[in-house]
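Engineer: So the chains spell out like this:
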Amino acid sequence: MEAEILYPVRKWFTVERISLRLWRVVKSTIKHTILISVAISCIFPLVWMFSSALKTNATVFTDMSLIPSDPQFINFAEAWTKGKFGVYFFNSVLYTLVCVFGVLFIASLAAFAFARFQFPGKNALYYLFLITLMIPVPGAIVALYVLLIHLGLIDTRLGYMLPQINGGLALGLFILRPFFERIPKDLEDAARIDGCGRWGIYWHVAIPLAKPALAVVALFTSLAVWNEFMLAQLVLQSQSLMPLQLGLVKFWGGTLTEYPLLMAGMAISVIPIVIAYIFLQKHIIAGVTAGALKG
Amino acid sequence: MEQRAGNTKKSDSPFTWHMAGNYFFVLPALLMFLIFNFYPYIQVFFLSVFKWNGISLSKTFVGLANYKDIISDNVSWWISMKNAAYVTGLALTVQNGVALMLAWMVDRDIRGGQIYRSIFFLPPILSGIVVGLIWNWIYQGDYGLLNGLLDKFGYGHLKEAWLANPKTALTALSVVHMWKGFGWGFIILLAGLQGIPRELYEAARVDGASEVRIFWKITVPLMIPVFILVSVLTVLGTMQMYDLVITTTRGGPGLHTEVPMKRILDEITPGSRVGYASAMGVVFGAVLLVVSMIQIQLSKWFKAE
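The listed protein sequences derive, respectively, from chains W and P. Take the first sequence: its position 30, counting from 1, is numbered 30 in the numbering used here, and each next residue is one higher. Take the second sequence: its position 276, counting from 1, is numbered 1276 in the numbering used here, and each next residue is one higher.
Bound conformation, chain W alone (with noise of 0.2 Å):
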């Protein structure tokens, strides 16, 4: 619009606003369908394994309509039970939950400690945590499963979530701190003064003010848990103990003629994640962009 304004007038201004209006009404009929084509790739897969998930495994094949003419609800029940998709629900929940709270407690503490305390050791301590976020991680995932084995945690619970506990807080750590150094000081001063010692500042100050950033921080890691494939494998063998990813892959691996049951099995573990992606999008991408334009 403002474009529109200050671009020079001509003297055979009329013909050349015409031509003008007309282009940018083709440019930004081009744009849209670029950008509207691009779009419909992006769903498109999704809407299409919703879909196969309430097909039949006879019409999975044939049936090319996006909505089945006899939707098979039955098949997400099926994969639930017959495909112990709810087992591996419950353990993707468990993992999320778990993790997230470790990394929020855990990165919470040492953010604020980096971000209010003095010691000595405090920036050496506070760049080698950072220099995590930098280093490739390949290098010792084979060590990393040599010291699961050594600590008898392969194959427990436990031997799954700390190392993913631990790989969440170098992110917790670089956006918390930061936040935590905003806090006005006078807010710690008047927190002291009614009786609060560190902890009831961390607790009663700092925790209650960070919930944006808490929150961002739980997004990110409820992400990369939910989705985890690669340690999983690695550490867990035990049906009941796996999460959604695994679970899928499992089940691939094993009954591939069970179409509409891999696909509702998909369903389930790709429906929380969208249902939170719609409500938390925004957030989500402010997230990215600032975390990464920050780094």
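None of these hints come from the bench; they were simulated from the model. Note that the Cβ used here is the ideal one computed from N, Cα and C, for glycine as well. Please note that the accuracy of each hint is not assured.
[Claimed, not checked] With a straight-line Cα cutoff of 30 Å, these simulated DSBU-like cross-link-like pairs (lysine-lysine) come out:
| hint | chain 1 | residue 1 | chain 2 | residue 2 |
| --- | --- | --- | --- | --- |
| 1 | P | LYS1167 | W | LYS250 |
| 2 | W | LYS122 | W | LYS185 |
| 3 | W | LYS211 | W | LYS185 |
| 4 | P | LYS1300 | P | LYS1082 |
| 5 | W | LYS250 | P | LYS1082 |
| 6 | P | LYS1152 | W | LYS31 |
| 7 | P | LYS1082 | W | LYS31 |
| 8 | P | LYS1152 | P | LYS1167 |
| 9 | P | LYS1300 | W | LYS122 |
| 10 | P | LYS1082 | P | LYS1068 |
| 11 | P | LYS1068 | P | LYS1051 |
| 12 | W | LYS250 | W | LYS31 |
| 13 | W | LYS27 | P | LYS1217 |
| 14 | P | LYS1217 | P | LYS1082 |
| 15 | P | LYS1082 | P | LYS1051 |
| 16 | W | LYS250 | W | LYS82 |
| 17 | W | LYS211 | W | LYS282 |
| 18 | W | LYS122 | W | LYS211 |
[What the hints assert, rightly or not] Here chain W is said to cover these stretches of chain P; the calculated rule only asks that three of the stretch's residues, wherever they fall, bring their Cβ under 8 Å from a Cβ of chain W:
| hint | region |
| --- | --- |
| 19 | 1136-1145 |
| 20 | 1242-1251 |
Once you've looked at the hints, dock chain P against the given chain W.
Structural biologist: The following block gives chain P in isolation, referenced to the frame of chain W:
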């Protein structure tokens, strides 16, 4: 400025009395870090000079033999590196190119921008497993969606077992990877574009600069740090691809879609060659570290310009 200096001094004093207590706040994080980061990082070098199956009590010291094996093992390891480099090359150019083009469009033509932004970031939030399984089916030879569409529109002769044909497998896999990943680049590039002050564009337009000139003279130079950031993320993300491969090709046909992370994990999951896998991890980690260092150095160099 003065006030700020005064504040920091003030914050130092009250807590210095019982400074030891401050460590309690860092202790859990420190313990986790030492056990699950620091120790494995050191240990992997140690393990890489042994021949060890991961289970038996005795390790055999073999020196640099594992590293020598990697260098001579051009059948699987170097093919996996080459494959990863191919996908990374495509991701850097095609994926980021598309991401930039889309970000440019959404930045300029803001109607519906919010909706596009949300939709483009949908694939990145899905797991590699789910994306792989969906696309596995889209590509499927007999019943796949892609072949079905080709048939429907009269291009039946182009039908292909996309993931099973050595000629198409790696590129087909790259397409899935790029489909899943372009949203990341898009979001970050868009944020970068929106961070450029509008006045710069307006001033240039008043001066009569063409859109192409504005793009090259204003947008590109200001976006260089963002380009580099996106490139680093693309390289690290793509080189370490694993989940997608597991659910689409499992490295096949032959070794045509084998990737380094899968090579490393294949060596340790059956508990066979832990030392060798460690050495691969060290080599691979070093390669990634060097590549991202170069990119970061480039960004500093451009910033200094």
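Engineer: A separate judgement is required for each hint: does it hold in the structure or not?
Structural biologist: Verification of the supplied hints:
no., hint, result
1, P/LYS1167 with W/LYS250, "holds (28 Å)"
2, W/LYS122 with W/LYS185, "holds (20 Å)"
3, W/LYS211 with W/LYS185, "holds (18 Å)"
4, P/LYS1300 with P/LYS1082, "holds (28 Å)"
5, W/LYS250 with P/LYS1082, "holds (29 Å)"
6, P/LYS1152 with W/LYS31, "holds (27 Å)"
7, P/LYS1082 with W/LYS31, "violated (36 Å)"
8, P/LYS1152 with P/LYS1167, "holds (24 Å)"
9, P/LYS1300 with W/LYS122, "holds (26 Å)"
10, P/LYS1082 with P/LYS1068, "holds (18 Å)"
11, P/LYS1068 with P/LYS1051, "holds (13 Å)"
12, W/LYS250 with W/LYS31, "violated (42 Å)"
13, W/LYS27 with P/LYS1217, "holds (22 Å)"
14, P/LYS1217 with P/LYS1082, "violated (36 Å)"
15, P/LYS1082 with P/LYS1051, "holds (26 Å)"
16, W/LYS250 with W/LYS82, "holds (13 Å)"
17, W/LYS211 with W/LYS282, "holds (16 Å)"
18, W/LYS122 with W/LYS211, "holds (25 Å)"
19, 1136-1145, "holds (count 5)"
20, 1242-1251, "holds (count 4)"
Of the numbered hints given earlier, the model fails hints 7, 12, 14; all others are met.
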